[in-house]
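Novice: With the sequences and hints as input, model every part of the structure.
Going by my numbering, the letters in the sequence shown line up with residues 264 to 570, in that order.
Not one of these hints is a red herring.
Once the Cα atoms are required to be at most 20 Å apart in a straight line, the calculated DMTMM-like pairs of lysine to aspartate or glutamate come out as:
1. K515 to E540
2. K489 to E451
3. K491 to E451
4. K355 to D367
Think of the hints as simulated: they come from the structure by calculation, not from any bench.
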Amino acid sequence: MGEKEMVKGKDRTYLPLVLILAVLLGVGILVLKRPVEPGAVTLASEDEKGDANQPGDSNEAAEGQEQIEDDPNEEPVSPPDHNHPAFKERVKERENMVAWQIKDRRVEDANVLRAMRTVPRHAFVRSWDLERAYGDYPLPIGLNQTISQPFIVAYMTQALELDANSKVFEVGTGSGYQAAVCAEIAKEVYTVEILEKLAKGAKERLKKLGYHNVRVRHADGYYGWKEKGPFDAIIITAATDLVPPPLKAQLKPGGRMILPLGSPYGSQVLLLITKDEQGQMRSRRLMGVQFVPMTGRVLRGEGPGQK
Numbered sequence: 264m265g266e267k268e269m270v271k272g273k274d275r276t277y278l279p280l281v282l283i284l285a286v287l288l289g290v291g292i293l294v295l296k297r298p299v300e301p302g303a304v305t306l307a308s309e310d311e312k313g314d315a316n317q318p319g320d321s322n323e324a325a326e327g328q329e330q331i332e333d334d335p336n337e338e339p340v341s342p343p344d345h346n347h348p349a350f351k352e353r354v355k356e357r358e359n360m361v362a363w364q365i366k367d368r369r370v371e372d373a374n375v376l377r378a379m380r381t382v383p384r385h386a387f388v389r390s391w392d393l394e395r396a397y398g399d400y401p402l403p404i405g406l407n408q409t410i411s412q413p414f415i416v417a418y419m420t421q422a423l424e425l426d427a428n429s430k431v432f433e434v435g436t437g438s439g440y441q442a443a444v445c446a447e448i449a450k451e452v453y454t455v456e457i458l459e460k461l462a463k464g465a466k467e468r469l470k471k472l473g474y475h476n477v478r479v480r481h482a483d484g485y486y487g488w489k490e491k492g493p494f495d496a497i498i499i500t501a502a503t504d505l506v507p508p509p510l511k512a513q514l515k516p517g518g519r520m521i522l523p524l525g526s527p528y529g530s531q532v533l534l535l536i537t538k539d540e541q542g543q544m545r546s547r548r549l550m551g552v553q554f555v556p557m558t559g560r561v562l563r564g565e566g567p568g569q570k
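Specialist: Take a look at the structure:
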């Protein structure tokens, strides 16, 4: 009887110490298990050789657009200023690119041809790819992503039928090249990139080049950019086997959407979607293509793709 009472007394004496140790141990485990920040993903640096074939980080934490606030210090939207030296460099190469790769291949929109002659593609590729910047092919930009073939960029832009009042939403910023081409024609371009390193790089690059009418966000493009919509045009530059429902909702009546529809490991087709004034959507297949896959929420699927 007395022995049992002594044991209970010791339990009461050491209980606070035990609780304190348990709390400290728990905090230590949480610190050790804290996930690496998205910024830890490394983009190919200037001293790397070849492509950085790192697995793409889907950054699921960026999915909910409601988690991200706009920068209150952003400059007001204004046209590109073209003051950067890159616009005066390699002009003849851009003219040849348009003449030989684009103009004779079903791209005739004067605004698109002007934009392709204007945007300095060599400012959007890596330093060791500068000589190939105006070639008729896509180029890797690191993290298993690419800058699209110039013809495809021009073709997709033409399909959107942009004008000086258009508001554009892009999924898959990449290096920012497609956004810059759209920004040469449209009034405003909003673009999202799920890989934080690419989003930051594109934002800095576009700002330096004077694209004051482009806004870049690190997020999952599946959800669109609701507070900036609806949009006259939506362009998706990564393959998906479904059309994200939020993007359908954010397309204006009378608007147009273009995307590569299909499996990232199989056949894909450029799909042009139009929404009439009553909100009815129609689609048309344009041509076979091959794009890198769209990641994030779309990988989990939400019903069959729109055919």
